[in-house]
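Residue numbers (our numbering), protein chains in the order written: chain A, 3 to 356; chain B, 3 to 356; chain C, 3 to 356; chain D, 3 to 356.
If a hint is listed, it holds; no wrong ones were tucked in.
Each pair may be met inside one copy or between any two copies, as identical chains are not told apart.
Think about it this way: if two alpha-carbon atoms lie no more than 30 Å apart in a straight line, the pair counts; the simulated DSBU-like pairs of lysine-lysine are: (1) K305 / K197; (2) K62 / K23; (3) K56 / K190; (4) K352 / K151; (5) K355 / K148; (6) K56 / K258; (7) K148 / K352; (8) K321 / K273; (9) K201 / K258; (10) K175 / K148; (11) K321 / K258; (12) K45 / K23; (13) K258 / K190; (14) K355 / K151; (15) K305 / K201; (16) K56 / K197; (17) K56 / K45.
Treat the hints as calculated values from the structure; they're not laboratory data.
Given the structure is predicted, the values throughout are model-derived calculations rather than measurements.
The chain contents come next:
4 protein chains.
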Amino acid sequence: MAGNTYGTLFKLTTFGESHGKAIGGIIDGCPAGLELDFEAIQKELERRKPGQSKIVTQRKEPDTVDFLSGIFEGTTTGTPIGFEIVNTNQKSKDYSHIKDTYRPSHADYTYDQKYGTRDYRGGGRSSARETASRVVAGAIAKQFLKDIKIHSYTSSVGELEMDIPYKDLDFSKIDSNDVRCPDDAFAKAFIDRIKEIRKEGDTIGGVITCVIQNVPVGLGEPVFDKLHAELGKAMLSINAVKGFEYGSGFEGAKMKGSDHNDIFNADGSTKTNLSGGVQGGISNGMDIYFKVAFKPVATIMQKQETIDANGNVVEMQGKGRHDPCVVPRAVPIVDAMAALVIADFMLRDKSIKL
Amino acid sequence: MAGNTYGTLFKLTTFGESHGKAIGGIIDGCPAGLELDFEAIQKELERRKPGQSKIVTQRKEPDTVDFLSGIFEGTTTGTPIGFEIVNTNQKSKDYSHIKDTYRPSHADYTYDQKYGTRDYRGGGRSSARETASRVVAGAIAKQFLKDIKIHSYTSSVGELEMDIPYKDLDFSKIDSNDVRCPDDAFAKAFIDRIKEIRKEGDTIGGVITCVIQNVPVGLGEPVFDKLHAELGKAMLSINAVKGFEYGSGFEGAKMKGSDHNDIFNADGSTKTNLSGGVQGGISNGMDIYFKVAFKPVATIMQKQETIDANGNVVEMQGKGRHDPCVVPRAVPIVDAMAALVIADFMLRDKSIKL
Amino acid sequence: MAGNTYGTLFKLTTFGESHGKAIGGIIDGCPAGLELDFEAIQKELERRKPGQSKIVTQRKEPDTVDFLSGIFEGTTTGTPIGFEIVNTNQKSKDYSHIKDTYRPSHADYTYDQKYGTRDYRGGGRSSARETASRVVAGAIAKQFLKDIKIHSYTSSVGELEMDIPYKDLDFSKIDSNDVRCPDDAFAKAFIDRIKEIRKEGDTIGGVITCVIQNVPVGLGEPVFDKLHAELGKAMLSINAVKGFEYGSGFEGAKMKGSDHNDIFNADGSTKTNLSGGVQGGISNGMDIYFKVAFKPVATIMQKQETIDANGNVVEMQGKGRHDPCVVPRAVPIVDAMAALVIADFMLRDKSIKL
Amino acid sequence: MAGNTYGTLFKLTTFGESHGKAIGGIIDGCPAGLELDFEAIQKELERRKPGQSKIVTQRKEPDTVDFLSGIFEGTTTGTPIGFEIVNTNQKSKDYSHIKDTYRPSHADYTYDQKYGTRDYRGGGRSSARETASRVVAGAIAKQFLKDIKIHSYTSSVGELEMDIPYKDLDFSKIDSNDVRCPDDAFAKAFIDRIKEIRKEGDTIGGVITCVIQNVPVGLGEPVFDKLHAELGKAMLSINAVKGFEYGSGFEGAKMKGSDHNDIFNADGSTKTNLSGGVQGGISNGMDIYFKVAFKPVATIMQKQETIDANGNVVEMQGKGRHDPCVVPRAVPIVDAMAALVIADFMLRDKSIKL
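Okay, chain A solo, but in the shape it has when bound:
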């Protein structure tokens, strides 16, 4: 159980290091007969890609996915979908400065301790580059989900918090700006803040909100595999995530039952939705919504003290091109993981209509 697989029936296994030959994965369990829109898949990759805008890392990687199996004449066959994204810049960079040094708040130290070895180039397996494979699989899951729509967007950057309820947002505007916030004013503020931080050679955290609409009633498997528990796990498995809350979340912990309970309408829908679309771990047909907290990127362009593999204290400074804020590029990753979770639950319960 080495942990490189997500899902049980719609199952993704990924492989690949940041600076190896390629990254990629196998999607096992995608139903046969799904006519794929390859442009839509590539478009999701573009949303995650480095170098896409001024507020993200300026590295250039083409990130073109190559499908190797499981698709015949454009349609899934029910057999495993193997795919890869070749790492074009794998040899270009010099990582010798971190070969024997543990970057603070990176996984260098823990990988070395766990495995007794590591591919130090660009973070190796611990690099967020791995998430490109998730985006590919998530894009296919999205197509499988048809009418179920997933909308992730940036809702906070640092201390700046967008206080607009999702109901009042126009999701079609999410990609209208570089930070992926559907509100123009907040988008501008977020972008300004990220630029400011970048100038300081620093980084900053943020929050992504995700809304899932048109979910059928009945998704989720109590008691351990509750719908929101799997969503939580999937989100927490994304690099740099520190927290997950759904529905009322941590605010809900401050409330009284008389204020928190969602009163039913006659059709089974609820007047409010503090439950976040899930009751007892099972979707109730209301919108599912949750928040995902991302820490600031650990690599900063400032000098920091750290240690090397021999325990000597050394000084280091981030080199190259790094993201000042991970959130804009993480939006499609949250989308992807949400799609994988929902797709998996669609297959797990045979009584749910596809």
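Keeping the supplied structure of chain A fixed, place chains B, C and D upon it in accordance with the hints.
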């Protein structure tokens, strides 16, 4: 994948409804040769038990666990440990008033929709009674973990938040009061608040903090089964949980990298611990700590509008004895799930010494 | 992955030792809404029960199953079905003579070596008593399978082999005799042979043939979880099984392709069925049939040399009441495992109609 | 659970169709620090490769494996090992004659029925080409297993059966002839028989025997995941396999207990080994041995009647270059699957020393 199993190598499968004959479970994968302290197991059950104090439900259930297999002359044999807790008060209560009615913010509606049927007595499978089985398994996992210590405690009740860092708390005082808060003053405030709420016939949410100490370096399996991702899933699988954050959590999303990074000491430990003991999904040997948000109990002693199975609007009011705040009794459940997560990871990586 | 679970979506986990308090299990994933015929379940247990006839062990055990959860008003609810069979004669027997002795061709030695300890009473977990739990789950699986019919029967005892093709047998006669062979003449010969062997204080092996009818096309998941591969695993997991073959089996290895190929009829059925109802790991709608070889019971009523835990050579002799031939009582176990395999595949492929 | 993964801790997932871009897989769970012998891996592929001798198919495929991840400077890192084998002749062949025709005793019909579509070129996913990925993973598993040695060899071709006990064979001679039989005389007879059959435009079945030596005591997880049950499943998952038996096998079913029991030596080894190295599903330290029966290849160079997708009866004849007997090329596949099974069990039990 019907969701009633947690873990991969240290594996718990539970069964049982609130008012069926019994609840219980099977622990598969507990290593052989563990001499069990049965009193310690029963003591954990007492901590979760209804009727234990004035601020929890006054229902009386003996909650005595009966082990059926996997233990020979007091020691585990490596074979599955079957156990059960007989439901003594299974027939005593009248639940006919909820037979055809969906309680707001309960799982009545979603179970009916998913399964086409439900055992409505006391919530059936969706009742938190199921967690007693988790407490039994967690108590055994705790004994397996030996020097790894897990300390959960109430850190918020409603809007009252204990702002004392865990380093300044005396964990030995957790059970010195009914609300399971190791600080006397906050404990008193929390208890007063719960009593107040109970008088109103209302309920209130709260937060539990958990600290895990003496964790070896190397636990956790990237990329999907990161240590904190599994902790998150395990916690979110507990009834009434709305959020999970570890280390700096949602606050971390507001910070800059230069403030958030944990600088190493020469021995690999870190000067700060905003990472919460986990880097890249792998334990780094520092304390693991996280927070779990619980919503207010949905059953309130006030009149509420709801619907019946035919969609008619009806009025209902909670009957019987319910918890005004779930948090005091949830402390041992958080303990148990944390123990199960850690025990599982101890077995998943063969390079970790037991 | 301690191995006490069979199945992925229709999942059985068992617990229990031969002389512990109880054996039992949890069935997770049985769909909701199945009205159970409890008499039919108990009847399958009677078929496996000791003491049922003169050619099996004369031990008396009531083997009454008690359902603890997952069933409400006689119908499955979709939640886990917990059940137990109390071991009534758990304390009555004296097993001190094998406490420190390894019985030849038993699991005493391997359990001790693997776990460092064992419950030696009656073989503990390695006893075939565990299969009673499988029979309970299999009986429920059978009811879930409705029109799919499973017919297992004794086809060999020792060197006596029934050479009648299954097409010429009347399955309704399987239970008309003690050895569970649908042909009167062979049944008599088999019974006579077993009686003879018992008189010698010896035991003998045998073969069970199983035929599954009315299987829909499409069951089975290539490439590793082929339908016949799972059937093989399930059968080989039964105590005392030494071999499995389906369709033409080992005889097929002697044949030419021109003789072995099954030629199609216009409707997709085949004129012959050397394939045994499975092509490429997927059911083709023809009858599935296979054979399972059982070794002779290891406990014999004759003196044998063996060793104790200290490596001393000692003499031992079987005591008590043991089966001279395991096959008659293994018939319902083969039935049960076949039912579990088919039920699981019915749920794994969402395109298969229930 | 779409079935393209084998193993739980040493886990192989494969992808790829016979005439797609590439086949390959991901090995997840291979421990870090294993220095790989890449020549040894390629050599195993050569043993499975078409065109290697006069008694196998004369197709030419280079079958060169390309590793994409999980290996750094020649040593495994503990992260997933992605690999691929490019299909060089993917476009060269004309398969239009089978596009709408179901070949007898092939998986064409069942794939079409299950998935509603199929990649008909060369059998697509159902082609034994997939097993090249298993050979790669198995070759790595073998290196992980160090002193545990696996020896598979051809023991029967058609009705010709080699009656020499494995103890009397020199395993170093297995690859000294084209049919992979360690006895010169039988090798010659087998080869002659295959040549004869090929001239007839026919095919023939055969049997492979596998012996595993130096297995530690304690491998295998009762009750469902017995060592021999997993071996059986793994073998039955190989294309064309019809039967599996271990130790005394089907012959054991004819024996008496007094003849079948393996009497212990003082050191825990046994004087005989009818048990085949496994007691109660757990290895006992003796040699493990088993037999695997392969049916004759379904594609023959003779005219056969069959049906097309519309149910019309048509005539067809195999084209191109096919194996007259699958057994010589299946030897490395049996080796590979055996290695994967043993490697997985080595990791599943933490008390087994690596």
